[in-house]
Each structure stands twice: as C-alpha cells, then as structure tokens.
Amino acid sequence: MNETLLLAILTIITAATPLVFAAIGELVVEKSGVLNLGVEGMMLVGAVSSFTAVHVTGSATLGVFAGMLAGVMLASIFAFLTLNLQSSQVATGLALTIFGIGVSALIGQPLIGVAYEGLPKIQVPLLSEIPVIGRLFFGHDILVYCSIVLVIAVSWFLSRTRAGLILRAVGDSHDAAHALGYPVIRVRYMATLFGGACAGLAGAYLSMAYAPMWVENMSAGRGWIALALVVFASWQPSRVLFGAYLFGGISILQLHAQASGTINIPSQLMSMLPYLATIIVLVLISRDHGRIRRNAPASIGKAFHPTT
Amino acid sequence: MISLQPRAMPSKLMGYLAPLIALGLTLLSGLVLFALLGVPVGEAFHAFFIEPISTPYGLSELGVKATPLILIGVGLSIGFRAQVWNIGAEGQLILGGIFGGAVALYFYEVDAWYVLPLMLIAGVIGGMLWAAIPALLKTHFNANEILTSLMLTYVAGLLLSFLVHGALRDPDGFNFPESRLFHDAALLPIVMEGTRLHIGAVVALFVVVAGWVLLSRTMLGFALKVNGAAPRAGAYAGFSQKRLIWFSLLLTGGLAGLAGLIEVAGPIGQLQPTISPGYGFTAIIVAFLGRLHPIGVLFAGLIMALSYLGGESAQITLNLPVAVTGVFQGLLLFFLLAADVLINFKIVRKVRRQL
Chain A
4 MNETLLLAIL TIITAATPLV FAAIGELVVE KSGVLNLGVE GMMLVGAVSS FTAVHVTGSA
64 TLGVFAGMLA GVMLASIFAF LTLNLQSSQV ATGLALTIFG IGVSALIGQP LIGVAYEGLP
124 KIQVPLLSEI PVIGRLFFGH DILVYCSIVL VIAVSWFLSR TRAGLILRAV GDSHDAAHAL
184 GYPVIRVRYM ATLFGGACAG LAGAYLSMAY APMWVENMSA GRGWIALALV VFASWQPSRV
244 LFGAYLFGGI SILQLHAQAS GTINIPSQLM SMLPYLATII VLVLISRDHG RIRRNAPASI
304 GKAFHPTT
Chain B
101 MISLQPRAMP SKLMGYLAPL IALGLTLLSG LVLFALLGVP VGEAFHAFFI EPISTPYGLS
161 ELGVKATPLI LIGVGLSIGF RAQVWNIGAE GQLILGGIFG GAVALYFYEV DAWYVLPLML
221 IAGVIGGMLW AAIPALLKTH FNANEILTSL MLTYVAGLLL SFLVHGALRD PDGFNFPESR
281 LFHDAALLPI VMEGTRLHIG AVVALFVVVA GWVLLSRTML GFALKVNGAA PRAGAYAGFS
341 QKRLIWFSLL LTGGLAGLAG LIEVAGPIGQ LQPTISPGYG FTAIIVAFLG RLHPIGVLFA
401 GLIMALSYLG GESAQITLNL PVAVTGVFQG LLLFFLLAAD VLINFKIVRK VRRQL
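Quick mapping for you: the protein sequence lines, in order, are chains A and B.
Numbering follows the numbering used here, in which position 171 of the first sequence is assigned residue number 174; successive positions increment by one, without gaps.
Numbering follows the numbering used here, in which position 210 of the second sequence is assigned residue number 310; successive positions increment by one, without gaps.
Among these hints, one or two may not hold up.
[Stated by the list, open to error] Simulated restraints on C-beta separations:
| no. | chain 1 | residue 1 | chain 2 | residue 2 | range |
| --- | --- | --- | --- | --- | --- |
| 1 | A | 13 | B | 275 | 30 to 40 Å |
| 2 | B | 276 | A | 112 | 53 to 63 Å |
| 3 | A | 305 | B | 154 | 42 to 52 Å |
| 4 | A | 237 | B | 295 | 49 to 59 Å |
| 5 | A | 64 | B | 320 | 57 to 67 Å |
[Stated by the list, open to error] Just so you have them, the derived chain A footprint on chain B, three or more residues with Cβ under 8 Å:
| no. | region |
| --- | --- |
| 6 | 208-216 |
| 7 | 241-251 |
These are computed hints drawn from the structure, not numbers from a lab.
Here a beta-carbon is modelled for each residue, glycine too, at the ideal position from N, C-alpha and C.
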C-alpha cells in the first residue's frame, strides 16, 4: 500500500475518534428524550481541563479523567436546569455552549503555547510489526480502541438490556414510562451525565491526541457536527461509527489536498468542506420525513413534569 | 423538601423580575469569580461595570456596541417566538459585511450620496441570502435550522477570510489580509461629535419600534406568536408554518446583515478577517434577557454591550483575560433560564402527609 495513503488513513482515525465519542454520547442522551445542544461547550471544557491536568500532573490517565469529569460537571448544570427547573432544552444547550467557550478560554489562557508529546501509542509485540495491517490495526493510542468498544457497548446496551429498553421507553413516551413506575427524571439525568462524560472525553482526545496542545475554540464546530451525525445515523449506534469516519475522512482529505498542493483551490474554500458536507448530509437524511419519524425518540426536547 | 407546583396562569410579574434576579446573581458570582482569579474584588467590579460608562465617551461606546446586538436581538426575538431557531446570525452578519463592504470597495473614491444607501441595501440582501439557505432547507427538506444555520456561520467566516486574502485585499496594503479603508462617502455619519457613535444607533432605535409594532399591532405578529405557542392552533387558523419560517429567517438575516454592514462602515471602516466579537451569538442572550420583546431587547442590548466594554476595561487596568466576558454572558443566561422557572411554577415546601 502507498505510504501516503496509509498515513492518511491513520490520521482519519484520529480525526474520527473525537466525533465518535461526542456523537455516541449525544445519541444516548437523545434516546432518553433529551436534546443537549451544548456538546461543543462540553467538548471545549473537556479539552482544556484534560490538557491542564496533563500539564500539571504529567499523567495522561488523569488528563483523560479530568476531561470526562469536566464534561459531567457541565452536563449536570444542563440536567439541573432542564430536568428540575423545566427550562427550554434548546436555550439551555445554547447557554452551555456559550458558557463553555468562555470558561475554556479563561482556564486555557496560561496554556497557550505549552507543548505536549501526545498520548502514547500502544505497540503490540509482533502484531504491530506486520507491514501495513500492523500499522492499520495495531499501534493506535488506547482511546481509539475505547471509542470502538464504546459504540459496541452502547449498541448492546440499547438493544439488548432491560435498562436500555427503559431508557428508550422514557425517550419515546415519558408519560407512559412514568405511569409504569419508571423514574423518568433519574434515567434522563444518567443519560445526560453520560453524554457529558463522552463529550468531555471527545475534548480530551482533541487536546491530548489529535492536536496535542490547547488553542481557543479548538473544537471548531465538531460538537455541532456530532449533533448532526446523530441525525445522520438515524439514532443507530453503528451508523454513528460510519458517519464519524466519513466526516473524519472528509476533513483529513481536504487537509492533505491543501498540503500537497496538487489541487489549486484556496485553503479557506477547502476548509469549508466538512461544514458543507454536514449540511448536505443533513438535507439528504431529513428530507425523508418517515425515516426521521420512525427513528427519532418521540419525546425528544419535551419537558417532563410529574403530576403525581 | 421543596418542590415545584405549576401555576394556574404564568406569572407576569415573574416574567419581569426574572431578568433582574438573573442580573443580581450574575453580579454576585462575578464577585466570586474575581476573588478566585485573585484580583481585588472592589477594583475589578469598578473596572468592569462602572469605569466603562463613567464618561460621555464611554456611554457613546456603549451605544456603538449595543447597536448590532439590538438589531440582531429584535430579529431573533421575533423568530424565537415562532420557534424558529436561527442561531447562525453571526454568519448572516458576516455576509452583510461582505456584501456591503464589496459595494463600498466597488465605488471606491466615488463621492456620491447613493453609495451608503446602496451599501445598506447590499448588506441587508447579503444577510437575507445567507438566512434563506436554512429557510429553504427547512421548508423543503425538513433539515434542522439550528444545525444548518450554525454550519453556515463557519462557512461565512472562511468566505470572509478568503476574500480579504484575495479579491477584496488592499492592492497597496503590503499583502496584509485587509481591504482598503473605506472612503468618506462609504462611512456612516457620526451623530455625536468626537465619538464613534454613528447613525446606526438611530437605525437600531427605529428597528426596535418597528419590531414592537409588528409584534403587537399586526396580524403577522399575532400569527408568529400563535404558531410558536400552539402550532396546531396556528395551522387550524390557517397560518402557514412555512411562510412564518421564511419570514422569521429572512427578517433576522436581513437585520443581522444590516448589523454587519453597520460594523464595517462604522467602527471598523474596512473589511478584516474578523468583523465581530460574536455579536450574533451574544444577541441570542439579548433576545432571551429582553423577554423576546423589542423594548426589552433594547435594554438587554445595552447591558450585554456593557459586558463587552467591561471585559476590555478589565483587561487594560487589571490584566484580566477578555474571556471573562464570555463567562459572564454564559452565567447570565444560565441564571435567567433558572429564574424563569418562577414564571410557570411556584416554589412550595412539601409537608409530609400524616396518615
């Protein structure tokens, strides 16, 4: 296999991984009937928190956990406002993003220009040395494997477990679920916090592995792309994986095209590609009303106030 | 234990009180934030909230910053009422700047009265065109306008960067990514001698009144409110959902485009890679803080403008990072959303029933 092609595929994997984390987390949140538009904000705070932790302690593990914790903290603000105080989910999600952008910029001020060598890659003896295949499947950082396992786990959880069934019931009809005695608010809390942890992890991956540094607003809309990916995937976990790799591919290919200089298109126009692709994909999926109605959680975005 | 009990009717009083409660809580947490950052609380408070508006020049700057926020805020508050979530106003602002700026550069050194009106029209059209994309995608393909309008904001930023690096770059500017400085006939007239307060502030006041009339005195405004509050009732009454989506997006887009033109032909005076410190996003907070009401938006716009000025002033005098502004803005919206619970619910102490 061609060396540059192999390198391109390897970078596609690192570009797709944060999208996988963020989108699979939001998928679970939406399946429980909650629409959290604050993914971008949670990612940014996750990114800056994990980078701070790594910078201070030198431990990558602590960095990853700091990112997840930060995501959970932001998500808990969202959960409290929307689930306890019945605020509008759309408005609160936007507030979370605005707040996250501000907080991350404030925390990250002293970190600009600080260098980090990046997450260590796992080298499997013998296997990693097989030409091409070894580098394609072995020798990534641990989070890449985690992201794949997470998608499989979520898919199994939603379709094969009782808890997953309850979560989907809550998302499809909170009144019926409540009447059956399921704790609607608690289920939605847990789903929202899980989504926060995933978004924080996505941010951690950005600042620790994808581009090991901190830059203001470094997620550059990936949180929003993750939201679009959930629609693209028609709320099915396996399709999230496919979508994330497709988008990772688009963003890396345009970068390679810019760098190689073979295509004579100004860099700004090439950089528009991932955003334009998101719009096109959304349009293609959403135009099929029936498909959205069949797959979208029926109670998504609606407030729930128990009457008894 | 305390719990929430739904009110029979939404409380009007709380609707007005909630923004004040939110502002108070934001100020309080601001003091905590200053203490955490290790700056003298009193000094920081003074630098952030008092100093910027303690001089006539400071007050005029407040007007300069509030103008785009109010223009976009009025548009958003009308759209949000109809549940049309255009959050890409920042992109529409940029397109307004590009269109209006391109006209100014095309008529460079042409000293004629018609230059400014043409720029104004071009700016509005630019913003409307950019907002027409999510409107078309929503009405014809059911695509979520939140995501499409936001994605277009990133595209707009890249488009502006592309243009000032290329076609619209100053030919004598030593390759700096900036356009020529607009000539006098393409700059907004100043309304207060010795300041930067321009005619755009007057336009914003006019838009506030027009928005208020539209919402409270016209059938269209009524249709917007009904469709937002009860879409099925709106459909039954024969208000076309599609028409309202188009109207809301084009209105906000046009006003955002106007705000963009006003920025480039007012305080900036040329096209640069960045022409807005996030006015399009802050205007979302302005709309909510102003209770989705044009008059409320006027006051909310002034308050949020102060947060920008305060951030700049605190950076100069206390060396605080500008990002503090963003934190305040986010906190304010959180507190506002939390305080809004009081509109529809009463807080009651739950007494455990004895058997």
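These are the hints, each one checked on the structure:
Between residue 13 of chain A and residue 275 of chain B the beta carbon distance is about 36 Å. The supplied range of 30 to 40 Å therefore holds. Hint check: residue 276 of chain B to residue 112 of chain A, Cβ distance near 27 Å, so the stated range 53 to 63 Å is violated. Taken as a hint, the range 42 to 52 Å holds for the pair residue 305 of chain A and residue 154 of chain B, whose Cβ atoms sit roughly 47 Å apart. Roughly 55 Å separates the CB atoms of residue 237 of chain A and residue 295 of chain B, a value that falls within the hinted 49 to 59 Å.
Distance hint check: the CB atoms of residue 64 of chain A and residue 320 of chain B are about 58 Å apart, consistent with the given range 57 to 67 Å. Given a C-beta distance limit of less than 8 Å, the hint that chain A covers the region 208-216 of chain B is violated, as 0 residues qualify and 3 are needed. For a cut-off of 8 Å, the count of residues in the region 241-251 of chain B with a CB near a CB of chain A stands at 9, and the three-residue condition holds.
Hint violations for this structure: numbers 2, 6, all remaining hints satisfied.
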